[in-house]
Amino acid sequence: MLEIKNLHARAEDNEILKGVNLQVRPGEIHAIMGPNGSGKSTLSHIIAGREDYEVTEGEILYNGKDLLDMDIEERAAEGVFLAFQYPVEIAGVSNKYFLRTAMNSVRKYHDEAPIKRKEFLALLKENLEKLGMDKVMMDRSVNEDFSGGEKKRNEILQMAMLQPTLAVLDETDSGLDIDALKIVADGVNALRSPERATIVVTHYQRLLDYIVPDHVHVLAGGKIVRSGDKSLAFELEEKGYGFLQEEAVAT
Amino acid sequence: MIATEIETYQDQHAAFQTGSSPDWLVALRQRGLDAFTRLGLPTRKLEDWRFTNVSSLTKTAYDAGTNGLTAGDTASSEAIAEASDLLQQASLDEDYHRLVFINGRYNEKLSQIHDVNSGVVIDTLANALSNRPGEVQQQLESELDFNDSAFAALNTAFVGDGAIIDVPEGVTLDRPVHLVFLSTGSGRTLSNPRNLIRIGKGGKANVIESFMGHGDSYFTNAITQVTLADSAELDHHKLQHEQVGALHISTTGVDQKASSRFRSHYFSFGASIARNELDCLLDGENIETTLNGLYMPTGDQLMDCRTRIDHAMPHCNSYELYKGILDDKAKGVFNGKIFVREDAQKTDAKQSNQALLLSDDAVVNTKPQLEIYADDVRCTHGATIGELEEDALYYLRARGVPADLARQILIFAFANDVVQGVELPAVRRHLESVLLDGHDLSEDIL
Numbered sequence: 001m002l003e004i005k006n007l008h009a010r011a012e013d014n015e016i017l018k019g020v021n022l023q024v025r026p027g028e029i030h031a032i033m034g035p036n037g038s039g040k041s042t043l044s045h046i047i048a049g050r051e052d053y054e055v056t057e058g059e060i061l062y063n064g065k066d067l068l069d070m071d072i073e074e075r076a077a078e079g080v081f082l083a084f085q086y087p088v089e090i091a092g093v094s095n096k097y098f099l100r101t102a103m104n105s106v107r108k109y110h111d112e113a114p115i116k117r118k119e120f121l122a123l124l125k126e127n128l129e130k131l132g133m134d135k136v137m138m139d140r141s142v143n144e145d146f147s148g149g150e151k152k153r154n155e156i157l158q159m160a161m162l163q164p165t166l167a168v169l170d171e172t173d174s175g176l177d178i179d180a181l182k183i184v185a186d187g188v189n190a191l192r193s194p195e196r197a198t199i200v201v202t203h204y205q206r207l208l209d210y211i212v213p214d215h216v217h218v219l220a221g222g223k224i225v226r227s228g229d230k231s232l233a234f235e236l237e238e239k240g241y242g243f244l245q246e247e248a249v250a251t
Numbered sequence: 001m002i003a004t005e006i007e008t009y010q011d012q013h014a015a016f017q018t019g020s021s022p023d024w025l026v027a028l029r030q031r032g033l034d035a036f037t038r039l040g041l042p043t044r045k046l047e048d049w050r051f052t053n054v055s056s057l058t059k060t061a062y063d064a065g066t067n068g069l070t071a072g073d074t075a076s077s078e079a080i081a082e083a084s085d086l087l088q089q090a091s092l093d094e095d096y097h098r099l100v101f102i103n104g105r106y107n108e109k110l111s112q113i114h115d116v117n118s119g120v121v122i123d124t125l126a127n128a129l130s131n132r133p134g135e136v137q138q139q140l141e142s143e144l145d146f147n148d149s150a151f152a153a154l155n156t157a158f159v160g161d162g163a164i165i166d167v168p169e170g171v172t173l174d175r176p177v178h179l180v181f182l183s184t185g186s187g188r189t190l191s192n193p194r195n196l197i198r199i200g201k202g203g204k205a206n207v208i209e210s211f212m213g214h215g216d217s218y219f220t221n222a223i224t225q226v227t228l229a230d231s232a233e234l235d236h237h238k239l240q241h242e243q244v245g246a247l248h249i250s251t252t253g254v255d256q257k258a259s260s261r262f263r264s265h266y267f268s269f270g271a272s273i274a275r276n277e278l279d280c281l282l283d284g285e286n287i288e289t290t291l292n293g294l295y296m297p298t299g300d301q302l303m304d305c306r307t308r309i310d311h312a313m314p315h316c317n318s319y320e321l322y323k324g325i326l327d328d329k330a331k332g333v334f335n336g337k338i339f340v341r342e343d344a345q346k347t348d349a350k351q352s353n354q355a356l357l358l359s360d361d362a363v364v365n366t367k368p369q370l371e372i373y374a375d376d377v378r379c380t381h382g383a384t385i386g387e388l389e390e391d392a393l394y395y396l397r398a399r400g401v402p403a404d405l406a407r408q409i410l411i412f413a414f415a416n417d418v419v420q421g422v423e424l425p426a427v428r429r430h431l432e433s434v435l436l437d438g439h440d441l442s443e444d445i446l
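If you read the sequences in order, they're chains A and B.
Take 1 as the starting number for the first sequence in UniProt numbering and just add one per residue.
Take 1 as the starting number for the second sequence in UniProt numbering and just add one per residue.
Do not rely on the hints blindly, as some may be mistaken.
Stated by the list, open to error - Reference excerpt, derived from the structure (chain A facing chain B, CB under 10 angstroms, subset only):
(1) L68
(2) V80
(3) Y97
(4) A160
(5) L162
To be verified - To be clear about the criterion: a stretch of chain B counts as covered by chain A if any three or more of its residues have a C-beta under 8 angstroms from a C-beta of chain A, and this derived list gives those stretches:
(6) 226-236
(7) 404-410
(8) 413-423
Stated by the list, open to error - Computed far set for chain B versus chain A, every beta-carbon distance over 12 angstroms:
(9) W24
(10) T52
(11) S77
(12) Q88
(13) Y96
(14) H114
(15) S130
(16) P133
(17) K204
(18) D216
(19) R261
(20) K346
(21) L370
(22) E390
Calculated directly from the structure, the hints in this document are not laboratory data.
Ideal Cβ placement from N, Cα and C applies to all residues, glycine included.
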């Protein structure tokens, strides 16, 4: 589904990714772990299409297509979803309108009719209940005056409504207490299917107790320095990132 | 202004004055012309015109229509055809009273006045001047100071038609009144509509003024005079959709008495140069005045918004919110004067002016001007100028919303509080569709 080959990228003069290789197949959950500043967020945003980064080498194929050649909205319409580490506040735009516009934009891209109001509201209600969110929040401006936890849940709500093919969760666990973490994890697990894949980007092993990955990768110094199964996450928890950074410097 | 243009207006004025008008009106028009001749057209040397250069548009005199004004339909059939076409775009709600003016003169065919509550008058100024001039004399003569405003003087020189809305004591006008001012033909037409709105004690009304036109070289010079008696309420909307190329100058003077409430909703989209002046005198206690405005110049348009709130008495509140969205090489001017007189203790005045620049070449000049002579007051003002937020744009696009629509949504969101201040659903819907031009409007945008 997703094939990242020798990806190099920089922001301004700062080289952040220095040859990332990653292959994600349908049905899989991958965790990308790594210390702060290793390039995890950069990689997430490059997949989503943020224009602040320049890809200097390598490619990303998404279902066989050149992802880097696609506009941000085209990627989203093709099923790529990034749950933001820092969800953006948009004053004056209600959550409800935001969600419906997003869904209808994706539908329009696929030449489908807009979702019926009733159908939309029913779906919204169902997902709000699952995520333990108050429906009053839907009439408020997008993420405005939301707590950190509310913002993260709101990301998962958007994901549940948009049903992406490839979800990238950028530090979705940061700032969440254990109950919120479980709810978010349930949301992600509910989306699990043989056609879909998820990349969980995280600093800590904690989230992986609830979202069990098939593969774990360690990103350090702009490269994936180690890949393994979920036991790698436990090893990291035990030893910290220090020993891997030493390996990265050595290679 | 070179001498020949003054002479052109003087010639037109001489022809205009030959009708059978009462003496006081002939004299009033003459005072208007004299003041206009003395003042000349404003130049950028004047502080109030520093950013607004009208000289390029006013180099050649406009045609004020010198046939003398009579009530009734004077428009040609071509003008009516053009006007009907424009009217379709201006149309808000069939239930509203609608008075249509073509090149400054009332057109009965295109207008529609429903039955009204007893005592309510919805009429034209031309009609009133012919049949009951005494009823309008005082307001025309006394309430507008044109001694330092050339355009107000010019309007007075040619005063003759416009709308009259009289709501007597205790009456709530059940339908909004929509005044539609259309300019037709390709000539340099000058319209000088004068509207008089008078709301009696405890009366309530909603008025909308729409301005549109064909042709690209006409000039609308409009004045609306509002008087609100004790506890009267008026929501006044102005939808300025003039054709690019046109010059639009308008002044609204509001005289408020105790416990009255005035809300102004100003929306400016059209004309090459649009200048709107709004003067409110808060002449009584417990008055509430709200001035909301949105101006959206693009291309080479210039929009100049000027407001003046004069707190003359204690215990009054004024709220002002003006927002500008400027694209291309557009220019915007905001000048917000607030006076708090010595007697006006316990005044609460809030002013906010925000501008969104969509292009590097767009410019806005903003000048809040507070003069406070009382000591126990609360006055705040703030001005911000910024660009569309890249992060918000990215976020919307990352959810599948196309860049163009994402931009429109963010612009809408910026303008939204001004639009949502409009309580009339048809007017609000009209504004929403202007803001989301070309995009499907979902009914739950908020």
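Hints and how they fare:
{"no.": "1", "hint": "L68", "verdict": "15 angstroms, violated"}
{"no.": "2", "hint": "V80", "verdict": "9 angstroms, holds"}
{"no.": "3", "hint": "Y97", "verdict": "5 angstroms, holds"}
{"no.": "4", "hint": "A160", "verdict": "13 angstroms, violated"}
{"no.": "5", "hint": "L162", "verdict": "7 angstroms, holds"}
{"no.": "6", "hint": "226-236", "verdict": "violated (count 0)"}
{"no.": "7", "hint": "404-410", "verdict": "holds (count 4)"}
{"no.": "8", "hint": "413-423", "verdict": "holds (count 4)"}
{"no.": "9", "hint": "W24", "verdict": "51 angstroms, holds"}
{"no.": "10", "hint": "T52", "verdict": "30 angstroms, holds"}
{"no.": "11", "hint": "S77", "verdict": "44 angstroms, holds"}
{"no.": "12", "hint": "Q88", "verdict": "27 angstroms, holds"}
{"no.": "13", "hint": "Y96", "verdict": "28 angstroms, holds"}
{"no.": "14", "hint": "H114", "verdict": "34 angstroms, holds"}
{"no.": "15", "hint": "S130", "verdict": "49 angstroms, holds"}
{"no.": "16", "hint": "P133", "verdict": "49 angstroms, holds"}
{"no.": "17", "hint": "K204", "verdict": "29 angstroms, holds"}
{"no.": "18", "hint": "D216", "verdict": "34 angstroms, holds"}
{"no.": "19", "hint": "R261", "verdict": "26 angstroms, holds"}
{"no.": "20", "hint": "K346", "verdict": "32 angstroms, holds"}
{"no.": "21", "hint": "L370", "verdict": "26 angstroms, holds"}
{"no.": "22", "hint": "E390", "verdict": "8 angstroms, violated"}
Violated hints for the displayed structure, listed by number in ascending order: 1, 4, 6, 22.
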